[in-house]
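Fit chains W, D and F to the supplied structure of chain P, relying on the hints for placement.
Chains as they are written, first to last, in the working numbering: chain P, 1 to 294; chain W, 1 to 294; chain D, 1 to 294; chain F, 1 to 294.
The reader is advised that the hints may include incorrect statements.
Claimed, not checked - Taking lysine-lysine and the DSSO-like style, the derived pairs with C-alpha atoms no more than 30 Å apart in a straight line are:
| hint | chain 1 | residue 1 | chain 2 | residue 2 |
| --- | --- | --- | --- | --- |
| 1 | D | Lys39 | D | Lys208 |
| 2 | W | Lys39 | P | Lys254 |
| 3 | P | Lys10 | W | Lys48 |
| 4 | D | Lys188 | D | Lys208 |
| 5 | D | Lys117 | D | Lys261 |
| 6 | D | Lys259 | F | Lys39 |
| 7 | W | Lys252 | F | Lys5 |
Everything labelled a hint here was simulated from the structure, so no lab data went into it. Everything numeric in this text was worked out from a predicted model, so none of it was measured.
Protein chains: 4
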Amino acid sequence: MANSKFEYVKQFEQPDSLLPNTWIVVRLDGRGFTKFSTKYAFEKPNDKRALDLMNAAARSVMSELPDITIAYGVSDEYSFVFHKSCTLFERRASKLVSTIVSTFTAYYIHHWPVYFKDSPLSPPLPSFDGRAVTYPSVQNLRDYMSWRQVDCHINNLYNTTFWTLIKQGGMDGTAAELMLKGTFSADKNEILFKKFGINYNNEPEIFKKGSVIFREYELVEPDPGTNNNVVEEAEKTTTAVPEVKSKSQLEKEKKARTKAKIVVEHLDIIRDEFWERRPWLLSGKPGKVPKEKP
Amino acid sequence: MANSKFEYVKQFEQPDSLLPNTWIVVRLDGRGFTKFSTKYAFEKPNDKRALDLMNAAARSVMSELPDITIAYGVSDEYSFVFHKSCTLFERRASKLVSTIVSTFTAYYIHHWPVYFKDSPLSPPLPSFDGRAVTYPSVQNLRDYMSWRQVDCHINNLYNTTFWTLIKQGGMDGTAAELMLKGTFSADKNEILFKKFGINYNNEPEIFKKGSVIFREYELVEPDPGTNNNVVEEAEKTTTAVPEVKSKSQLEKEKKARTKAKIVVEHLDIIRDEFWERRPWLLSGKPGKVPKEKP
Amino acid sequence: MANSKFEYVKQFEQPDSLLPNTWIVVRLDGRGFTKFSTKYAFEKPNDKRALDLMNAAARSVMSELPDITIAYGVSDEYSFVFHKSCTLFERRASKLVSTIVSTFTAYYIHHWPVYFKDSPLSPPLPSFDGRAVTYPSVQNLRDYMSWRQVDCHINNLYNTTFWTLIKQGGMDGTAAELMLKGTFSADKNEILFKKFGINYNNEPEIFKKGSVIFREYELVEPDPGTNNNVVEEAEKTTTAVPEVKSKSQLEKEKKARTKAKIVVEHLDIIRDEFWERRPWLLSGKPGKVPKEKP
Amino acid sequence: MANSKFEYVKQFEQPDSLLPNTWIVVRLDGRGFTKFSTKYAFEKPNDKRALDLMNAAARSVMSELPDITIAYGVSDEYSFVFHKSCTLFERRASKLVSTIVSTFTAYYIHHWPVYFKDSPLSPPLPSFDGRAVTYPSVQNLRDYMSWRQVDCHINNLYNTTFWTLIKQGGMDGTAAELMLKGTFSADKNEILFKKFGINYNNEPEIFKKGSVIFREYELVEPDPGTNNNVVEEAEKTTTAVPEVKSKSQLEKEKKARTKAKIVVEHLDIIRDEFWERRPWLLSGKPGKVPKEKP
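The following block holds chain P by itself, in its conformation from the complex (with noise of 0.2 Å):
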């Protein structure tokens, strides 16, 4: 029996591969997680527990797609980075999408039970939505990461007064909310460390800066003498013509960025720094495997 008779229907498909030689951003969001935060009674302003799980589910995805490059995660929302040199799934924008968010809710209800013990999940479960987005030049991709950084920032510093005026001032949400109205940064650090005695800075690292995960190899030390500007190197490095590297090539990087330590860091990712001691993440190519220390 032949299927030719429907087989049209196959016709109707769009292509939807992502333009080449773009930096491809894939952000995933929790759905509906004010109300699942409370089913679950999550901590708040920051659950410890919650944040590790996401971590561990992006770190889980990172080690099943070689091909991310860096990921970046605060509170119920995850981004993660394909090189722009990148051709996985022949870069189209729903096949990269629903890989990431559907490997990411598998090891989210996974590993749940490790980080809430007491709390199994009951439906209705956590789920999470995502898309694709594309950025044309390492600055635009830097700006993007910085974006969320200082989001992860902003949020934090109001959720964290917010919820202190609660818990230690006894306020009620709408007495703290009215307070905060209209107040800046130094308003708030001032209100945490005035009436609380909180210094924000000794705040968690993961609190204020959200979660880095990213392949590790050896760190390169910047150059005193020459003017290391890490953006400028990697748009020279690599906006020439595509390589076409050959199958065992790409194998054969692969297979090194699968041997490498897949680590999670609370790291400032909004300065040069941090991408200048890694060039791996925007040159797109393994770095020097540490050396196991003896």
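Same frame as chain P, now just chains W, D and F:
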């Protein structure tokens, strides 16, 4: 601290809303399920537990997303259909695809222990990718559904014969493949019957027809006096000026859908009868809730 | 000398084929025609020569592109409709739009001296922009056409009244605008009639209805005995599995279209009658060539 | 009379804005120019009048659209480049393509009698189709330009040899084609030189290099002391956060461009020198207006 300096990166997000007044199909597929099914020793050619798990996950998806009209699954794939009048997520492709794929994955992982009691999941975990396709007419949509069900039939007949030749006929894979090369359906039916006494028609419906999931209302008896063409009827009633439904009306319909029982069946969805007796599938209007039996 | 080193740049071309089985409308608009019409002293509110030139150009477009089913023009805009089964240029949006816009422009410039004998064109020359939109159902398409014709009516009634107030009533633009602010159609009809003795109904059809261009075949007399719903009929006959036409059949149909007379009319295209009597417009099949009168 | 009942059809218009911070190339091509060039007896292999007409039309396009940075033409095709920072028409693809194609066509028809005095145009008229492609990096853009110029060279060498074999060698087309099959550039140069005493290098530059059009400012002398890499420089200066220019600044730059002289040259655009001496092409900032000679 304002975030405005970096916020310009939002401009790079490209819209991806699907054309209005078209049927949206989101199809997901298991990633690397050949390897995965070997790891967990899925029974060949069909593993009832695996299919039941797929159906359970799909049923949960439909339950969480009342906008889905009908779903059809076979093997490690599932198609979810949104009515052409659907405006969920402003019809954004990536949002629709990622939400369905994520929700499906969540339930697949969550329900796994129910169906595979003695095989706990371990990384790499199962995951799914997906895509959205739009179909302008009811006929196109029905042809899509028919395409998938014909595919189910073709593959299942082949696989049933192939694995019977191996399991009962003592052939190896290469010999079985060679024997089936170039055969027609009739040939395979004959091999099954003459060599092994198997009447393919008696195989379980779930294997032969796949699974169709929908909300159950009272069946409509076709009126023999009229030329009841369900496709015509559906085009007629659904292609007019889009109804502008009030919020309360939408809420009411959503509630009606939420209350309806979601059933998993193994029916012929190619012939008109299936659609004629369930007019709510194509009209997009909830049917009559069946009276409970005393 | 091989060109392969640079040829990779072709990969950046993104596909833009329009969804199959949908009606394609390409609408073009004059660029900066307010200024342009002043430069060449177009008569207000309507310049018959300018409209005739638009129609001549559109007629030439239809003549060169037999795939166009119908066209509708008003003021400095023109819409060209391709049947939903059309596969011209693989339905590539940019190819369809640019071809129509270029052909239209060519004839507009070429025919100019015929309609504006004493006003030779000089730079900056008139030009047009355009875009393609797809409509899934016949009803959507007809609503698009109705939208344009209602727009024609609204604008023409306004402009006729506005310019009569100025030319015959001696008002300046500001006063006329003020007087018409907030008025309904009935009010404008009354102003025209009571103040100036003008019965709007007697205005030329080309001004009131715009221009519709199509291939003329024998009109079909509506059968009063049947409930002749042209939209239903059209959906029914045109949404089925796409006919796979042989090359010779396509060639034959193209020839039939090429031979048919292209007419420019000023008819009501909102009511069913127009479409019922010209079933070839929605069916996509050439009609019966009218017998020549002896 | 309100138009609201039909206005919903506007919802079917899909956005088509091109990715920000990418170079936009709109390339147009003559439709059916083989036939067209026969009709008007274009000289083979190159008709100077036809090329001059193409250049005149392209020059007019650049003059009317100051946002165009550079254009390159060969045979019946022309590419127009918008700087990556360009926001004309909100970067909508169909608007950019249709405007350029329409303006080009208008001038092509209008200027025709200047270049083809004794061959008045008659239907079917010449027309052009076009498309937009985006390139993320300066290198990609320059490679695109190089691709077109290499193509020009390859085709012109072939055509020159082919037509010399026919016109001076007395061959027919089939014999000439056969003779050139599988030959390299060196072979063709040798045929021309040995058989016909033609030194290909002495052919007119317009035939060998095509035509490049741009606004002329004062040339910049490359500094021999520095490693002046124009591509690096351009990436560096143009990939940063998009400058938010004030309206008055944009207006000022537009004016500067409008005043600059638009020149048509036949230069090598593959080598760095062309770009290094004209930094305004890649920086997007108007250069220094050359002093007028006394």
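Hints, verified against the model:
no. : hint                   : result
1   : D:Lys39 with D:Lys208  : holds, 25 Å
2   : W:Lys39 with P:Lys254  : holds, 23 Å
3   : P:Lys10 with W:Lys48   : holds, 29 Å
4   : D:Lys188 with D:Lys208 : holds, 14 Å
5   : D:Lys117 with D:Lys261 : holds, 27 Å
6   : D:Lys259 with F:Lys39  : holds, 23 Å
7   : W:Lys252 with F:Lys5   : holds, 25 Å
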